[in-house]
Amino acid sequence: MKTHNCPPTLTDRQVLEFCKNGFLMLEGVVSDEINKRTLEYLEGNTSGEPIEILHEDWFMSNVIQNSQAAGAVRSLLGKNFGLPTLMSNHRVRTPAPAQGWHRDGGWKHGVELNYLQVFYYPQACTFEMGPTALLPGSHFLFSQSVYMGHYGSIRGTYYAVAPAGSIFITVYSIWHRRSASSVPGLRNLLKYNYWRLSPPERDWIVEPDFDFANADYAIHDAPTFREQFVDCTDAAHMFMWLCGQGDHFSTLGGQAWPLRARHDPMPYGVPSVLLNGSNHDVNLVTNGSRTSRH
Amino acid sequence: MTTLKEELQTCLEAFRRGELTEAHLRRALDSAEKAGDNGNGHRTQDLLYLQANSTSLGATVLGMAMLRDGQLSDGPADPQLWPYVTVLDAIRDGWRVIHFPNMALMMDESRTYGLGCEFILEK
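Residue numbers (this note's numbering), protein chains in the order written: chain A, 1 to 294; chain B, 1001 to 1123.
If you're looking for bench data, these hints aren't it; they were derived computationally from the structure.
From the three backbone atoms N, C-alpha and C, an ideal C-beta is built for every residue, glycine too.
Hints should not be assumed to be uniformly reliable.
What the hints assert, rightly or not - If you want the ones that stay clear, here's a sample from chain B, every Cβ over 12 angstroms from chain A, calculated:
no.	residue
1	1017
2	1028
3	1029
4	1034
5	1056
6	1093
7	1103
8	1118
9	1123
What the hints assert, rightly or not - With beta-carbon atoms standing in for the labels, derived distance ranges:
no.	chain 1	residue 1	chain 2	residue 2	range
10	A	266	B	1056	27 to 37 angstroms
11	A	269	B	1060	24 to 34 angstroms
12	A	43	B	1032	52 to 62 angstroms
Starting from the given sequences, assemble the full structure and let the hints guide the process.
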């Protein structure tokens, strides 16, 4: 088992955005030189599972342990996280029809985040080349892949159009598919997983002004397909779980937390573990020690 | 191409004049047989899947896919270009509902099954 450790790069707000949307796009974080080398490698190894690339030091250090991508993974999965054991290449001759919506096999439904699905474009991917389509917030939307086969275009879909060297990190259970392509070409997309090996805690970049009580836990850029505010509740639960406080999650109901207070300084029903008395302090484990601050 | 409706209208007018013949009726019969023919001698059902944000026929469509003339289509990627904004729009365009959102799937409040409230329509 290979593990890696590095400084976390995501802030409180970025971690929360990941909880809400279920993915994070890091555009152009791998150098052109490495992208070119990766493409050359994939020309020589056209397998759908070019696992051998994980034995290449240049690939491991510049892609799998890329400082920005690994820093984001470190933020979400904690220190000494597990490195990929499998490499897939979605190598597609285009034009090609859209793939069916699905969740990859092995997904577990819930708010715990113990593994991540990560994608790397060694080449630019335009809309016409059939980028991966992701449905924001769908990591909380229960369904089995075999019951998604008839779904087509979906409002709010995010198309991962991105320059070469982009890496996007997803909650494993997010709904996704290869979108339809319309131009002749060959598209490579590498896909791999990371795993959590340490308990969740709030050891990413803490923002001094982050307000647990009034943070925006709702998703705004896409429909949620569910009852009003359920997305907000799930995102808040996942965020608390990542903070190591999942067992203390609770909601009062109605317009209470995790909805933001509109009139008062603080909403009703904020879990007590997020507060310290009445002074609105946050008291959570941070970098292995207890902190109390405004 | 003469439609079945036009052929029947011709038959009706010939009947009123007392000139209806077997040939008129045979042409109407031929039109009836060709109605819905997809060119291969088969009648093909068109299907329209619409996922909406509630069970109301006036609810906004959140997702779509269709089977038209035997061809599967996801519809345009851009929702602004979808043919119907609501389920009611599709009904007004001649689609008939053959499946309403399954209320039995709402019995477990802890989980949401699939993509909103799904209507299936046919032509």
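We went through each hint and held it up to the structure:
no.	hint	verdict
1	1017	holds (52 angstroms)
2	1028	holds (37 angstroms)
3	1029	holds (36 angstroms)
4	1034	holds (30 angstroms)
5	1056	holds (15 angstroms)
6	1093	holds (18 angstroms)
7	1103	holds (14 angstroms)
8	1118	violated (9 angstroms)
9	1123	holds (17 angstroms)
10	266/A <-> 1056/B: 27 to 37 angstroms	holds (36 angstroms)
11	269/A <-> 1060/B: 24 to 34 angstroms	holds (30 angstroms)
12	43/A <-> 1032/B: 52 to 62 angstroms	holds (59 angstroms)
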